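Protein sequence lines correspond, in order, to chains A and B. So the first sequence is residues 1 to 256, counted in this note's numbering. So the second sequence is residues 1 to 269, counted in this note's numbering.
A portion of the hints provided could be inaccurate.
Straight-line distance between alpha carbons at most 25 Å, and here's what the computed DSS-like set of lysine-lysine pairs gives [unchecked claim]:
1. A:K57 with A:K47
2. B:K50 with A:K124
3. B:K40 with A:K83
4. A:K83 with B:K50
In silico negatives: residues of chain B with every beta carbon more than 10 Å from chain A [to be verified]:
5. A49
6. C56
7. R83
8. S87
9. K119
10. T207
These are computed hints drawn from the structure, not numbers from a lab. On a predicted model such as this, the values are computed, not experimentally measured, just so you know. A virtual CB, placed ideally from N, CA and C, is assigned to each residue, including glycine.
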Amino acid sequence: MEQKPTLKNTEKVIEIKELYKSFGNYHVLKGVDLDLYKGENLVVLGKSGTGKSVLIKILVGLLTPGSGEVKVLNQHVDQISYKELLALRLKVGFSFQNSALYDSMTVRQNLEFPLVRNQRKLTKAEVNLAVEEMLDAVGLLQTINQMPSELSGGQRKRIGIARTLILRPEIMLYDEPTAGLDPITCLEINSLINQVQERFHTSSIVITHDLTCAKAVGNRVAMLLDGQFQRIGTFEEVFNTTDERVKPFYDYNFIQ
Amino acid sequence: MENKAENPSIPNAEVKGPGKLARMFLTLYDVYKFIARFFKEGFLPPYEAKELFRQCYEIGYRSALLISTTGFITGIVFTKQSRPSLSEFGATSWLPSLVGIALLRTLAPLLTGLIAAGKVGSSIGAELGSMRVTEQIDAMEVSATNPFKFLVSTRVLAATITIPILTFYTAMVGMLGALLNVSLSEGTSARAFFQASLEQITFLDITASTIKAVLFGFTIGMVGCYQGYNSSKGTEGVGKAANSAVVIAMFLIFIEEVVSVQFFGLFRS
Numbered sequence: 001m002e003q004k005p006t007l008k009n010t011e012k013v014i015e016i017k018e019l020y021k022s023f024g025n026y027h028v029l030k031g032v033d034l035d036l037y038k039g040e041n042l043v044v045l046g047k048s049g050t051g052k053s054v055l056i057k058i059l060v061g062l063l064t065p066g067s068g069e070v071k072v073l074n075q076h077v078d079q080i081s082y083k084e085l086l087a088l089r090l091k092v093g094f095s096f097q098n099s100a101l102y103d104s105m106t107v108r109q110n111l112e113f114p115l116v117r118n119q120r121k122l123t124k125a126e127v128n129l130a131v132e133e134m135l136d137a138v139g140l141l142q143t144i145n146q147m148p149s150e151l152s153g154g155q156r157k158r159i160g161i162a163r164t165l166i167l168r169p170e171i172m173l174y175d176e177p178t179a180g181l182d183p184i185t186c187l188e189i190n191s192l193i194n195q196v197q198e199r200f201h202t203s204s205i206v207i208t209h210d211l212t213c214a215k216a217v218g219n220r221v222a223m224l225l226d227g228q229f230q231r232i233g234t235f236e237e238v239f240n241t242t243d244e245r246v247k248p249f250y251d252y253n254f255i256q
Numbered sequence: 001m002e003n004k005a006e007n008p009s010i011p012n013a014e015v016k017g018p019g020k021l022a023r024m025f026l027t028l029y030d031v032y033k034f035i036a037r038f039f040k041e042g043f044l045p046p047y048e049a050k051e052l053f054r055q056c057y058e059i060g061y062r063s064a065l066l067i068s069t070t071g072f073i074t075g076i077v078f079t080k081q082s083r084p085s086l087s088e089f090g091a092t093s094w095l096p097s098l099v100g101i102a103l104l105r106t107l108a109p110l111l112t113g114l115i116a117a118g119k120v121g122s123s124i125g126a127e128l129g130s131m132r133v134t135e136q137i138d139a140m141e142v143s144a145t146n147p148f149k150f151l152v153s154t155r156v157l158a159a160t161i162t163i164p165i166l167t168f169y170t171a172m173v174g175m176l177g178a179l180l181n182v183s184l185s186e187g188t189s190a191r192a193f194f195q196a197s198l199e200q201i202t203f204l205d206i207t208a209s210t211i212k213a214v215l216f217g218f219t220i221g222m223v224g225c226y227q228g229y230n231s232s233k234g235t236e237g238v239g240k241a242a243n244s245a246v247v248i249a250m251f252l253i254f255i256e257e258v259v260s261v262q263f264f265g266l267f268r269s
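Let the sequences and hints guide you as you build the complete structure.
In structure tokens:
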């Protein structure tokens with residue numbers, strides 16, 4: 001499998017400095033530093049429970065940081081008003097691990113929901129066109145009138161991504177996009193993430209513990225260990241190590 | 001490549017949770033904030049009119065059959081049980097007015113409130129709880145939509161609007177049950193029955209019932225939404241949310257009934 005090249009862009013769209021986050025006595029993030037550059041896909045790897053999802057939830061204001069600085073598109077997420085946060089969220093798409101589709105709505109209504117509430121001047125025909133275009137982009141136009149319960153896991157992921165993309169965000173945050181999917185569907189999702197990067201010119205953070213996904217979609221890879229990013233670089237740079245905390249990841253995914 | 005050194009030292013002081021009493025006050029403050037948010041955001045644009053109408057229909061439709069059955073049976077049973085006491089004094093002719101007043105003042109609002117707490121409250125609690133657990137509420141948040149407005153404001157308003165309508169419907173169905181019993185036992189005509197029962201009903205009775213029903217509706221909607229919206233993670237959280245939505249709403253309805261009986265009693269004396 002081809003490894004993606006590192007991009008040369010130096011414009012930062014996300015800056016995280018000395019980020020701490022605890023839940024009671026449990027310290028999840030212990031001084032995290034991370035930058036996301038415009039146009040790149042950054043993969044965050046780490047074991048379950050190491051705070052990967054917590055990190056991206058802080059980026060969209062679903063969780064508040066304990067301390068530290070979190071800037072998204074030059075705005076301090078924890079210091080802006082709720083109205084400003086809503087405006088910022090229009091530019092940051094979040095794809096949930098379990099897709100989080102609204103199960104009482106059809107696929108069409110799921111995609112319409114964020115669109116009609118954020119672009120109230122759109123006519124019914126424009127909304128329909130936007131929904132159909134986006135479903136076509138993820139290859140699931142035929143599911144437009146289906147309920148989420150009638151879709152497969154992979155289809156739900158794609159619809160979840162389409163619902164996020166319909167607002168044309170500048171940044172995409174993917175939480176475990178390939179979790180619970182079969183290997184073929186994983187490849188399809190990896191390809192979709194790359195297509196999104198190319199077609200919609202998004203900068204993305206992809207949370208995963210799937211190294212195949214990391215290698216396929218990441219321009220850079222960051223390894224979250226013990227509450228900090230211990231290794232950041234290309235896939236090869238991160239895994240070219242004798243670090244006993246890192247090696248098992250590689251061995252499990254590629255040698256087993 | 002960046003390669004960070006070992007972790008910096010983290011202050012690892014024991015974090016003690018609040019005590020029972022403090023937790024109770026924290027919960028009360030949380031409830032206060034939730035209610036305040038409803039009044040702050042619920043009536044401001046953008047309005048979710050379509051969702052509001054959908055919820056009104058759902059609440060009405062979901063409870064109509066049960067309320068019809070219960071109201072009708074209550075009318076029959078209440079009339080039947082009251083007859084012996086009244087006949088001892090030769091006052092069976094008072095049955096229609098007794099039933100009318102009892103139904104409108106207390107039975108209809110209370111029955112409707114309790115049934116709606118069970119049917120509607122649990123359903124709202126479970127629905128929002130399940131949406132919380134499956135991150136659907138978070139998904140609304142991150143798509144720059146205010147989930148409180150869409151989910152909570154519409155449901156609380158719908159319950160507040162629909163329960164009073166259902167209350168008068170219950171009263172009407174209850175009267176029909178009573179009419180059936182009275183006409184079979186005493187051969188009273190429908191016209192005479194309604195004339196006798198309605199002439200004793202005052203404007204204060206109607207006002208008091210309406211206010212009580214509005215209060216019950218608001219309570220059911222608010223408790224269901226609060227429990228569901230703030231439910232903890234996991235399927236257990238959904239069950240808990242649905243269950244506590246019913247228990248707390250019923251408890252509050254009884255308290256509101258006692259307080260309102262005392263309050264409106266002041267205007268009757």
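Results for each hint:
no.: 1; hint: A:K57 with A:K47; in the structure: holds, 17 Å
no.: 2; hint: B:K50 with A:K124; in the structure: holds, 15 Å
no.: 3; hint: B:K40 with A:K83; in the structure: holds, 14 Å
no.: 4; hint: A:K83 with B:K50; in the structure: holds, 24 Å
no.: 5; hint: A49; in the structure: holds, 13 Å
no.: 6; hint: C56; in the structure: holds, 16 Å
no.: 7; hint: R83; in the structure: holds, 48 Å
no.: 8; hint: S87; in the structure: holds, 54 Å
no.: 9; hint: K119; in the structure: holds, 18 Å
no.: 10; hint: T207; in the structure: holds, 37 Å
Of the hints listed earlier, there is not a single one the structure fails to meet.
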